[in-house]
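Protein chains in written order, with UniProt numbering: chain A, 1 to 409; chain B, 1 to 409.
Honestly, I wouldn't trust all of these hints.
For chains that are exact copies, the list does not tell them apart, and a pair is met inside one copy or across any two.
[What the hints assert, rightly or not] In silico SDA-like pairs for lysine to any residue, Cα to Cα no more than 25 Å straight-line: (1) Lys337 <-> Val52; (2) Lys337 <-> Arg67; (3) Lys337 <-> Gln298; (4) Lys68 <-> Gly385; (5) Lys19 <-> Ala141.
In case anyone wonders, no lab produced these hints; they're calculated from the structure.
So the chains spell out like this:
2 protein chains.
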Amino acid sequence: MTALSPLAPACFPALPVLKGVRLASHACGVRYAGRTDLLLVELDPGSRVAGVFTRSLTASAPVEWCRKAVAGGRARLLVVNSGNANAFTGSAGVASVRRTVDQAAALIGCAAEEVTVSSTGTIGVRLPDEKITAAFGAVHAKLAGDAWEEAARAIMTTDTYPKGATRTASIDGVTVTINGIAKGSGMIAPDMATMLSYVFTDADIAAPALQALLSEGVKGSFNAITVDSDTSTSDTLLLFATAQAGNAPVADAADPRLADFKAKLFDLLRDLAHQVVRDGEGASKFVSIAVTGADSDQAAHIIAMAIANSPLVKTAIAGEDANWGRIVMAVGKAGQKADRDRLTIRIGGVLVAEKGEAAEGYDETPVAAHMKGQDIAIEVDLGLGAGRAQVWTCDLTHAYIDINGSYRT
Amino acid sequence: MTALSPLAPACFPALPVLKGVRLASHACGVRYAGRTDLLLVELDPGSRVAGVFTRSLTASAPVEWCRKAVAGGRARLLVVNSGNANAFTGSAGVASVRRTVDQAAALIGCAAEEVTVSSTGTIGVRLPDEKITAAFGAVHAKLAGDAWEEAARAIMTTDTYPKGATRTASIDGVTVTINGIAKGSGMIAPDMATMLSYVFTDADIAAPALQALLSEGVKGSFNAITVDSDTSTSDTLLLFATAQAGNAPVADAADPRLADFKAKLFDLLRDLAHQVVRDGEGASKFVSIAVTGADSDQAAHIIAMAIANSPLVKTAIAGEDANWGRIVMAVGKAGQKADRDRLTIRIGGVLVAEKGEAAEGYDETPVAAHMKGQDIAIEVDLGLGAGRAQVWTCDLTHAYIDINGSYRT
Chain A
1 MTALSPLAPA CFPALPVLKG VRLASHACGV RYAGRTDLLL VELDPGSRVA
51 GVFTRSLTAS APVEWCRKAV AGGRARLLVV NSGNANAFTG SAGVASVRRT
101 VDQAAALIGC AAEEVTVSST GTIGVRLPDE KITAAFGAVH AKLAGDAWEE
151 AARAIMTTDT YPKGATRTAS IDGVTVTING IAKGSGMIAP DMATMLSYVF
201 TDADIAAPAL QALLSEGVKG SFNAITVDSD TSTSDTLLLF ATAQAGNAPV
251 ADAADPRLAD FKAKLFDLLR DLAHQVVRDG EGASKFVSIA VTGADSDQAA
301 HIIAMAIANS PLVKTAIAGE DANWGRIVMA VGKAGQKADR DRLTIRIGGV
351 LVAEKGEAAE GYDETPVAAH MKGQDIAIEV DLGLGAGRAQ VWTCDLTHAY
401 IDINGSYRT
Chain B
1 MTALSPLAPA CFPALPVLKG VRLASHACGV RYAGRTDLLL VELDPGSRVA
51 GVFTRSLTAS APVEWCRKAV AGGRARLLVV NSGNANAFTG SAGVASVRRT
101 VDQAAALIGC AAEEVTVSST GTIGVRLPDE KITAAFGAVH AKLAGDAWEE
151 AARAIMTTDT YPKGATRTAS IDGVTVTING IAKGSGMIAP DMATMLSYVF
201 TDADIAAPAL QALLSEGVKG SFNAITVDSD TSTSDTLLLF ATAQAGNAPV
251 ADAADPRLAD FKAKLFDLLR DLAHQVVRDG EGASKFVSIA VTGADSDQAA
301 HIIAMAIANS PLVKTAIAGE DANWGRIVMA VGKAGQKADR DRLTIRIGGV
351 LVAEKGEAAE GYDETPVAAH MKGQDIAIEV DLGLGAGRAQ VWTCDLTHAY
401 IDINGSYRT
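Just chain A, same shape as in the assembly (with noise of 0.2 Å):
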């Protein structure tokens, strides 16, 4: 096992009970020995669902079949195994995904596109499916309304900490419950690094209107985080509303009784985002990345991206290095429209460059100062137009290589 991460978090958070929903693991020995690989959540009848999916063009079965069960918009069970991805593992994956989903609806009598599944790990490893249907029976007896720590410990594969995070919000004067587990040690990385997330709330909002706000917020929380570049076959992120809170049903994600709601599923998107960057692989420095002044929001987007994906960049930070040239070099190979002569660039708030070179009177050592903490702020400003983005991402260190250079077996 790899240390904890220098980023971790103090502790997993108090996730409340939340109504309509019942979480249990299980060890059922997919790969791992002496820990659990295998999550079971029900959610009572009149639960919805919507989906996030890896933009992968060689998706694994999971993710195609969550694709089709999303699109019904009701979800009575998830089941996620980690230790394998049953990705690229061709027809037998196909079928493995069926098996589990047939004998999961049966375990509860409901309609196989009510269950959506998930697997981490391995790729291009059959799936042994059959210790998971197995395991169905004790698993489902185990069912409880506050087993959220151990619901995030048994889809962990890299990661070095369980990943949760909990808001409350109002809707039209009734207060609901969101709560979310992730795991992920990358965007990233499919082989057992994939990033998976699962947001419940108690809140009665219609399907449609759920898609709209987690393909929203999806923008600024889990598309806007990197590690390495690197994307899954895998990454998933669902969110389920079981109805339950008693607020007047709302149909329509613009409706401004979803005002509060809103803001606290972003931020709580933006929490688990968060923390799974502050798993990263080999990570031992946050970094924000603030683009303004581009020539669009998307523009702003991939300038931020290329430098949080720039491993000169990286591994400057790594090296507590506040080598801005990189950033320079990293703005210029975006391709989108900038001017070296009137780029701005800050660190940890301090001007450090303009108008095509160092800043006047540059002095280095609160930049210095800065790179030595665990948080660091990059600001680029493009001095073009009103585009703006925000991205995060950890350091490439030599863990990095270690963990990811090392032998499978």
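For this one, chain A is given, so just place chain B on it according to the hints.
For chain B alone, coordinates are given in the frame of chain A:
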């Protein structure tokens, strides 16, 4: 100094004297102590030039100058300094180039537009051009026809060995020579590792034809290599022709008399490009990636580069792990047309995966042996069309982090 790359060639090749080209190097103390850091090359009157430059939108002042100078098609001098890239140096950098060019032109009485300049090294620091121009008299006095290896050494930054190559070709029965030198420890890396290459020939070929040949030749050589996906602000490739070999002048790149010249030029460019990859920062393996069966050649190139730039693929190779799942991941994230179930992957010539999963009866033993070698061959067939591409890269090791994560001063 970093230790010699394990992938370095046994020796610097013997580059012959080339009619109309004289070279000299000098230690003028721009940044380094105890080594040469200035290269001067003088070309006889009547020489032509063509060039290809970085696509970075934050290109350096010398690159901007060269773009203009090369457009005129004539060249008499090349001035290159190492230690300082004169990049992101604002109006001061432009003035440095102007002073350097004007004083170089005065040295031999040519037009300023016949002087090409390059700078490589730290970025964001004003170039002490007075140290360079003060050395012009001394370096000019040393010009000689056989100073190729010294020339290749003077332009090195983080390179661990000087890079050179030579070929002869026949144009309509007349033998012509092509000599080239290069520097670079990446594509890449604005801080001390820009790619620069200068190629010289005595052939009598018109400037527009030289430009057409160079623009085509760069596709299968320098634009098909990557070390770390980062693009320098200063990448420069120049092709000079002195027209003294005695062949009948050729004005059109498509002239069949240039067939052999073109083949030899492309071979030399590829040789130099491979030498750059073999000196990639921290490289311990040279990796060839061939993609076939893609929707188009461009799609094949994008997919090949996605594999070549994937930190997860590169760390797996460093760890001698035949982790083909990461190759599938990289194909999936490239954004080009791909069908998971039609992919075929070979490593070291051995079929490892097809039809959406591990190849039937796949035995990892010969592949594991291949991974222990220095030359790694990856072949990916998309099974869709006739698009193909070939790129080269190196692995990602601890030494890369050491080189790039250490503080600049």
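Status of the hints after comparison with the structure:
no. : hint              : verdict
1   : Lys337 <-> Val52  : between (30 Å within a copy, 21 Å between copies)
2   : Lys337 <-> Arg67  : between (35 Å within a copy, 19 Å between copies)
3   : Lys337 <-> Gln298 : both (11 Å within a copy, 23 Å between copies)
4   : Lys68 <-> Gly385  : neither (40 Å within a copy, 29 Å between copies)
5   : Lys19 <-> Ala141  : within (18 Å within a copy, 87 Å between copies)
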